[in-house]
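Asker: Two chains, two frames, some hints: make the complex.
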Amino acid sequence: MMEFRTPDEELGRFRRRVVIAGVFIAVCFGLLVARFWFLQVVRYDYYHTRAEDNRIALLPIVPGRGSITDRNGIPLARNYAAYTLEITPSRVRDLEATIDGLAEIVEIDARDRRRFKKLLEESKNFESVPIRTRLTEEEVARVIARRYQFPGVEVQARLFRDYPHGELASHVIGYIGRINQRDRERIEESGDEANYRGSEYIGKSGLELSYEAVLHGITGAEQVEVNAGGRAVRQLARTPGVAGNDLELTLNIEMQKVAEEAFGKRRGALVAIEPATGGVLALVSKPGYDPNLFVDGISTEDWKSLNESPDHPLVNRAIFSAYPPGSTFKPFMAMAGLSAGKRTITQTIADPGYFMFGGHRFMDDKIGGHGMVDLPKSIVVSCNTYYYQLANDLGIDGIANFMRPFGFGSRTGIDVPGEAEGVLPTPEWKKKRFRKKEHQKWFGGETISVGIGQGYNAYTPLQMANAVAALVNDGKLFRPHVVRHVVNPATGERRVVEPAPIRTIPFRPEHAAAVRQAMVDVNKAGTGARAFAGAPYSSGGKTGTAQVFSLRGQRYVEGRVSERLRDHSWFIAYAPADKPTIALAVLVENGGFGAQSAAPIARQVIDFHLLGKRRDQPAGEDADAADESDESDEHAGHPHAGAPAAAAEPAAPEAGGQDREPPSE
Amino acid sequence: MTDTRFHPRELLRGFLRPIDLPLLLLLGLLLAYAFVVMMSASPERIPSLQVNTAVALAAMWATARLPAQRLLSLALPLYLIGVLLLVAVDLFGETSKGATRWLDVGVTRIQPSEIMKIAMPLMLAWYFQQREGQIGLREFIVAGLLLVVPVGLIMVQPDLGTSLLVTAAGVYVIYFAGLSWKLIVPVVAVGVIGIVAIVGFGDQICQPGVDWPGLREYQKHRVCTLLDPTQDPLGKGFHIIQSTIAIGSGGVLGKGWMDGTQTHLAFLPERHTDFIFSVLAEEFGLIGIVVLLAIYVLLLLRGFYIAAMAPTLATRLLGGAITMIFFTYAFVNMGMVSGILPVVGVPLPFISYGGTALVTLCLGIGILMSIQRSRVLAQA
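Keeping their order, the protein sequence lines are chains W and V.
So for the first sequence, this note's numbering puts the first residue at 1; every next one is plus one.
So for the second sequence, this note's numbering puts the first residue at 1001; every next one is plus one.
By construction, these hints were calculated from the structure, which means they are not laboratory data.
Warning: the hint list may mix true and false statements.
Distance ranges between label pairs, derived from CB positions [claimed, not checked]: (1) Met1039(V) <-> Val27(W): 28 to 36 Å; (2) Arg16(W) <-> Met1039(V): 38 to 46 Å; (3) Val27(W) <-> Leu1074(V): 32 to 40 Å; (4) Ala103(W) <-> Val1051(V): 55 to 63 Å; (5) Ala1058(V) <-> Val41(W): 37 to 45 Å.
C-beta atoms are modelled at their ideal positions from N, C-alpha and C, and glycine is treated no differently.
Just chain V, same shape as in the assembly (with noise of 0.2 Å):
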């Protein structure tokens, strides 16, 4: 009689069981922030966010009930067919705008860079976690091969972004796992003095003709737009003078909901996706923005304290990578819409529209619950 009783409070506290209330309550934040913007920047585009939106939170939610565990035994299936699907794409992929990243299966096109942003971490998470009390240099070895093969493959598609943020996803793992500041130190000095060199020479390197080891032709022109996005203000500069435009004219209070002239007149180029962060910054200034970051600083904290307080070596890696991963698109994504990197197309994190990439996102958040949950439940 008890069993078959209907318990609204049962069921829901049945329902709420794996959901980390913080986390929800963020996120909660960010996708009604993400609403307000839509509908201003493109509201014709709100039915189907509210479908993505619905479905990105049924697979957090389911991701959230699976056990951290079973999550970590699916890292390596996860991982191989990410591989064989990135390596079918390079060869018999659909190519559009000169780039080949999706595979058609039928019902659906997929893009299997998508599913690395999270295999990846998993799978490294879970090598480190086999490896555990031995973690020495051959380690790292094996998990910057683990890491360099797909990334290698995403980047011949090309895709400069997706292949950074995979990169990135391995490397935070590589990095909290341990990894000797002898190492890292020299890496990173490297790259700064690369960066430098890059924007020093701007004028040289930026030169037609001069060609850059390893990068297509795009994605050099992405680099020297940045440098210098006066040189071709109607061609490859328009994006980010416009977007520069949008945020600077915003002021500290914005022009006001739906009144961004930037946006509504059609300056702004991609305003729902990759450029959304400039509407926002249009019509609701620096408080807006400000009240942004504030909501993402939160989620991170929260990241890092489930993280810091996980029960095991796996999901430690992969609660703090996960975090980081959130930092790093929504870093990006904020510093080429205004100038000071280049135009990778990374989108805002919860925000920018795209089923895929929200989905992505909130299996992410879903991961971090079910770690939580794993605590919780190791306590009891």
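Bound-form chain W, shown alone (with noise of 0.2 Å):
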């Protein structure tokens, strides 16, 4: 290794080893090159998303959710702030030793806790979780001083929905509830999670969802540049948030109020439509339950009040179950004899008190019969026997394609979201319905049970009251709706909900003013003549018994069960009786003669929309000594004794709906 070199030879290879050490910085600083040219032009874009996303944040601005007032512009559903106690459990480290330490300074008690730890399965860890709602000032002020003992813990200002008359109209205006992880499915599945992020609430039922998106508004946002501490630094750029439209209904809700008084605690449904436009002044569904029970999560007690109750407060009964109509259905039938040209407005038929048919006797009520019957006399005295007669002749496919464009057994479309069917009976119906071969056979007498209004018939109460409207409109039928007017509330532009008018159905004009005037002839002279007794106008009416045929899916009650096997009692009604201006259906759950109960419901609605007159206490309470030939006239409507074939098979699918599925919450 030792060689002798000589000073130029040193300084050759000392230059030699500078060189080589100049091409190895080369190397190195090549390499640093060829990674900044991979950094800053390859990957150029990827950094600068990243650096973007690095400082951007944007932040959602929820916009204020529209408020829904009554034709009158009373409000029904607005907002208004207050201030919550929110704990972000990310943050927290012990959440029950939080909770208890709150509870110390604002009162907390089982049930906030209770609602809490359900917010809190349904939530994500780094989303605040309201532990209580609506602290006064004082409380505010307590927590903001003390807040230091709690990381995590916030006091927030926020919006809240209020339904100021509680129950009334509930089933109608519905509510919100917060978002839950269906919810947030759905939104993902619609593309619109962009406009929920922030949000909190969403519309859960009536017109809270399914005007969910006007009501919603659009979320505006806020670019603001954020430090490597996540703090705002300054905005970048901003974009309002658009409020959520109005909703002005068609609904009065001081006849929906009347409407709900005269219910008293009986169960049932109401719905009042003006036919020249099919916009709806009052649908009841009684009993309705608190909606603001469910704005910041329903706690599990009230939840399992309202859901577990025999008297089922949340299915919106108006819409959603259908029943037998009972003798209103008798008015069609008469309609559809003279469409059909089966009968004349004059020709009689002898009532000898029963109808053969098959070897069976379809029994009328009256013993003996009512004589000679022609077809006002028999909506008048709702003869049994004149409907048995042409519900035989006009044939089962005679009546339902009669009755079919009157809506009978489809959902008319009303904008309150879960409307049901109902069921138009046809063969071809029975055979879809029933599994089993021996049961899809159509009967004969099947059919004439359908002539009087039982059997398979099964329609809503909105059905009825539509079909009535489209009877006294000149065959005009409505898409049934709530909303009347749609408000911007920045620019206060309304629009307009049309009138929608589905057909006009086609008979002709001089025996919608036969059936009329038997109607009008009802509620003087006829089954509800005692309802409407001394009312200074003239109105149209019909009775009606729907028969309560099997108690299957209701919890056996001793003591109610006579009660709920009470027939449900029926009216249909329109008023004034030339030129109507309302048209309703009235439906009281075991209610008895459709005389009983229904009637005076209908007539103090109707007295309120006409003459703006109230009266305090319920309607119908004192007709317990309603009359004997009502009782008996009313009874006819019992199919039980002649019509055995129909009985087999009891209430349509969508009566057994009651029970249906509880909400999300």
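Answerer: Now the structure itself:
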């Protein structure tokens, strides 16, 4: 290794080594340049995006939800600001201890804790969850003063939904609730995620659900630059949110109140429609519920009591429950007979008190019959025999084909969600309805029952009211609607929800005139006369009774059974008689005879509508002393005496649908 | 009369006599660049940067004035003082952030390992000069020992960055002194194989609980972070990730001076010291980098030229080693902030903030100037 070198050789070697070092440096710097080329040119887009993501945070600006008012501007759903006490679980070490600590400052009861637990399960860890809502100012001050003790706890000012009328019209208005996992999936499917960033609430039922897109508004955004600590440094851009549109309803909340009070504690439904537009004036389903309970997550006990009540307060009976129409079907049957040419107005039949078919005796209510009966009389006295015969002459398909255009057995398309179809029975329907071959056959006797509104017939109160509206509106059938105007609160622009005519039913005006005259006579001298005694206006109506066939699907509660076995009471009506501005259908569950409980409710609603009059006590409570003639007359509706085949399979599937699944809460 | 008359030109000439103008020009460019970048990265440090620069330039000038032989005669005392101070640090040093690097000497704290960056090449160059004409295996072994002792003392502090730089400084002198390729090649080969092995088995050896012989836990972390910064994006990998984002998002033209979002929104860590290069790359882009590299390359070329032309063995070795040290600083720093080398705490030469490092580097420039001047004097 040791060798002798001259200084020149030494120098030469040194310079060679310098050159080699230079080459090494060139390679290293080349490597760096290649690296920078890769970072700054090849992957520029990626790193540019990463840098932007780093610095820009998008904060949603949640728009105010639109309000809902009735046709006179009375608020039905509105927002108010209040303070909530919220906990962000991810920032809290011991949740229980924190809540216990907070409970020393503000009142937190067991209910609050349970609700918090439930909300916690539904939310993500980094979302703040309310433990107490509606703090008083004093409570806010107490929490703020000791906030340093509770990391992860914040007092937030939030907008709350308020339903000032509580139970009133609850099934129409519906309610909002906190967005849960299922809502989130639905939002994702519809591609609306961006608009729901920051939103906590969503419509869950009623108009709040069906008009969600209109009410919600457009979420704005604030683009802020954030530093590495996540603190907003400055605003880059701001897109203000667009507040949700307000809804102005056709509903008259005063009339709704009159109607609901008229029901008292009874269960049932009422639908009142403006025949010329299809606008819904009142839509009642009793019992109701307080939608305010749902807004911040309903407590378990409240939910239990609502969901497990045998009265099914959550079911919207007016549009979801279908009942056999009973004798209220007769005016429509009369129209069918006239239109088909099977009957004339003046043609009479002899009523011996029964109708023989297939060896069975279908009974009329009146022993010995009504004697000679023409079409007007058949409606006024509610003669079963007339309609047994007529049904037999028309045949089941003849009946169904005439009834279908009135909307019987199909959804009306109302803007309140959750409508049922009902059943307009036909042989085809029966074939589809039953699986066993021997159950699928249509029997002639079943047609006879359908003729008096019993048997497989099942219609919602809404369908009945809308059919009456079409009958008294020259056959013009509308899609019923509850919303009249959609109002943009910023511009004041009012979008009118135009009446949506579905079809004009081709019946002859003179036929309708005759049937309507008979219905007017019902209220003057027939089964509705007692309820409408002394009315300063002329109205048309028809009573009806739907038999309760079975207790299936309901819990057996002793002492209630007898009441629950009573028939459902129907009344359809319109007024004023010559130029009707209201058509309605009333159903009182287990109300007995139509004249007894349903008709007085109709009377109060029509009185209010035409006279602005309100009565204080529920209608028809005094009707226990209903006149014998009414009672016996309405007994005619009972098919069990004469329609064994029809009674075999009870109420349509929709009727059983009362035990529907609970809503997501 | 003439002697006492005020002659500004004479005075300037006297002042400039020890100065190598090309080196001064390149140094001036780098320092100007440093000011521009620092105004964006950390404007509040501009005043102290001015002070540091003035001190460093004065130190450079003072060094440049000394004849090279005088400098070399300081080698042994400087080296011995350095080693003594390092021992003192290990015995009574101040500890901060888990490392004992500083020595409190009353007025100020000093970092003796910095002294070794200059003392080491000076010492080895001086030693080889003593043995000129008979440099053999024995000399290289002695040089190796002279190198290992202070490096060992620095490593136990622990300070991986400085010990690597001091090692490099010594190794460069030994390399230029003519260490046989038969020894260099195997060492380099082992090194390359080692790096490949670390990269290849990164997943296994970075498991917690696996001890790396001879290295501390934080040193292991640095290497493992380099291998996969995404493993812990908010912890140890944060620096590298944010730094590469800053560089990459700069693109070709950069975001513009003062407009670097990574810099100004505090995503970049240590943006005035070790990561100042990322600020430069973010705001001035690839063009800014190429300009910086060009200045460095010119500086290195001038250094090599001076070394190749130096009159004695010691000045050649010293000049070559110092030039290589400049390169090492630049390469390691740029390599670590761009994610191809572990983060070892090496500043970007002449740009990063830090008085000690700037003075050390300018002393290196001063030594090069002194060497250049000694050649001129020898020729004269």
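Asker: Of the hints stated earlier, which fail here?
Answerer: Violated: none.
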